[in-house]
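**Q** Letter by letter, the chains look like this.
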Amino acid sequence: MSQPFVFRTIELDGQVLRTAVRPGKDHMPPLLIFNGIGANLELVFPFVQALDPEMEVIVFDAPGVGGSSTPSTPFRFPGLAKLAARMLDYLDYAQVNVIGVSWGGALAQQFAYDYPERCKKLILAATAAGLVMVPGRPHVLWKMASPRRYLQPSHVVKIAPDIYGGAFRRDPNLARSHAAKVRSSGKVGYYWQLFAGLGWTSFHWLHKIRQPTLILAGDDDPIIPLVNMRMIAWRIPNSELHVIDDGHLFLVTRADSVAPIIMRFLAEEKHPAVIRPPASAVIKH
Amino acid sequence: MAHKKDEELGLQASDSILGPNPIIGAPTRDIISTARQVLRQTVKQPVHSLKHVGRFGLAMKDVLLGRSEIAPDPADKRFLDPTWDQNPLYRRYMQTYLAWRKELNSWITSSNLPTQDVARAQFVISLMTEAMSPTNTALNPAALKRFFETGGKSLFDGMTHLAQDIANNGGMPSQVNMNAFEVGKNLAITKGSVVFRNEVLELIQYKPLTEEVYEKPVLVVPPQINKFYVFDLSPEKSLARYLTLNHMQTFVVSWRNPTKAQREWGLSTYIEALKEAIDIVLKITGSKDLSMLGACSGGITTASLLGHYAALKEKKVSSFTLLVSVLDTGIKTQVALFADEKSIEAARRMSYQSGVLEGKDMAKIFAWMRPNDLIWNYWVNNYLLGNEPPVFDILFWNNDTTRLPAALHGEFLEMFKTNPLTRAKALEVCGTPIDLKQVKADFFCIAGLNDHITPWDACYKSAKLLGGKCEFVLSSSGHIQSILNPPGNPKSRFFTNTEMPDDPKKWLETATKQSDSWWQYWRDWLHARGGKLKAAPAVLGDDDFPPMEAAPGTYVHER
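Protein chains in written order, with UniProt numbering: chain R, 1 to 285; chain P, 1 to 559.
If we strip away everything but chain R, and leave its shape as in the complex, we get:
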């Protein structure tokens, strides 16, 4: 049985962040999740439950989403990466594995690039390299540009097949249960998040991301067409690409089949050798 989440609301320089940690065992590094645009942390719970119950998982509401406060001026991605690093300091984590989904995938790229020592392995799901990308179809993006799907749950049910693709095209109940978990703090937060990515691109430094990287892509993703993920996989040197037969939200709709891929990628040796330094500690060179 996986343990229940421990919720904490913390304040960093006037920014209130709502965080949730699912405790785990300390033989593997914890996993930090960067969620998609406008998505509050509850939306990833089904995914977290599919992961190994022994893995510690950290999720949080981005500024302006869910239980986090909406800042008066918007963050850009480097600022958000810094905020995430400060949050880890506060919660007392040194090194984590990172997964970023969609908008959060862009933030994850930024975090891995800015804080290479704190990000051991990187997972990117249904995301793109920012400005340098092959966009989805205009009417999909137009629907994405508005926070209406978060403000008016019934709207999600209507547009979900179009924007999320994959399983949402076949199962209307999926959209309804998705809508039930949505909790938004308002339009401004959403627009601020859109602003964070305005003009941003990682394309020119992606090759400098050295972490082992797992890239997950849906083959029926109307928001981020598959070719974007192929491009990221080509740019990041130590990466491997997995294509999943689903749409944009495969992490939620296909959690049971995606989680093992992720666990295999994150797996470490069961009994790693422990090497203790000599008592005198300091070694001269």
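It should be emphasised that the hints constitute simulated quantities derived from the structure, not laboratory data. Don't take every hint at face value.
Claimed, not checked - Pairs of lysine to aspartate or glutamate residues, derived as DMTMM-like cross-links and limited to a Cα-Cα distance of at most 20 Å, are as follows: (1) 260(P) / 269(R); (2) 25(R) / 345(P); (3) 260(P) / 13(R); (4) 187(R) / 345(P); (5) 82(R) / 62(P); (6) 208(R) / 345(P); (7) 260(P) / 240(R); (8) 342(P) / 117(R); (9) 270(R) / 199(P); (10) 275(P) / 117(R); (11) 505(P) / 471(P); (12) 270(R) / 264(P); (13) 270(R) / 471(P).
To be verified - Listed next, the stretches of chain R that the computed footprint assigns to chain P, with coverage defined by at least 3 CB atoms under 8 Å from CB atoms of chain P: (14) 76 to 86; (15) 263 to 277.
By construction, the Cβ of each residue, glycine as well, lies at the ideal position given by its N, Cα and C atoms.
Dock chain P against chain R, hints included.
**A** Okay, now just chain P, sitting in the frame of chain R:
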């Protein structure tokens, strides 16, 4: 003109050669910073430096007047051509070089730098001086003669080889003609079968060649860094064949060549896999214990496994052999010259990020530690003389490199830094802390007198860490030649000594010199611990572990 062109090509080649150094960080950077330090030293100690410039001037005067007595070391094969000695111009050229090298060395050795820096500076200076040797230029008389003899074809061939090496061999002169050999066809051909395979290893059982065999089998654990067939190179140079010819039931482990998917494999992974293999060897042979041999990093793995067994009070290994293995990293080797905390960290990060440490990169480092033997030799042969790279089985094996998974590499680096095997319970593998003093089985330890990778005094110190009764034997050869040491070589020597004094020098002084190879001596040692003789099994494997495929198996072919 050709000379100039050659130098340019050399520069280009060295560019691609001095890539990142996987064991010890980025040497290019470290070497450049040491070189800078050397240059600064000229200014920092002006009087000292001027004195040496003056001495070099005086030496030069003698050289130019033809009065200099300076001559190459008789062991230096580079200047064997009589032209160097007889032609007055060549003689002066060679002597200028030797005088310059000598003065540069004495200048840095007698400078006021700290010892560690002097050692680094000497290394950098030797890299430079060996590279600048007149024998490496197109003026090399052997190359000129060859040029006229072949009507210029040698130059054309040489340039072709150079272009091929830049394209295919990372700019390093090829040491061997890789097309001359094939594993399983003319190398690694002793008869046997793979009787077991897991993710990490294949277990090869060799077909007994005698009617009777000793009860207790021997299991050979090769280093993770190289292919196992150094133990079964050619029919003459095959320890596996030698053992089977001498009444031993012989099993050899063939490690899988890891890719980045095996990034997380560490020491414990390898030890778990070995434990499985040991159980199967015991089951197949019906023996309750066995003898092991661990070589180089395979020796580190074996020793850790034995420590783990000791902690579990398992008695499956009755005796073992450590072959050119360093467990105590307290003695610093040339590999360690540039290994400070920062470069170790960088090395660890680099291999973790790429998932594996490429064996090719490691081979390069070892080559640059002995540039005359492993690089410039081939430079002259392949490019200046235009010869094909030699056909030589040991070099083929050496060039058939394997990768090291990142986690294991990281653990080796950490062990190198903190030396945990010298302290009880400082290393924990497979969940148990280990204390080598608790390993009480008899063991045999072999080191090579001319080994530059695992120096013999470090092997000697390592042997003192274990709790059992030790038979230490020093072979007269180098790292690989110590392993490939079949009886019958008139040049082979080895030293034995019943005492184990603390000081290795004292051990050597009081040691007995014996002729021929240590193999026979070791065979007798194994026989004494082999139990009873029994009829050799008619078939390989058993009902549960039937032969799967003929040796050398599948893993050895994975590039």
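**Q** When the hints from earlier in the document are held up against this structure, which numbers fail?
**A** Hint check: 2, 3, 4, 5, 10, 13 and 14 fail, others pass.
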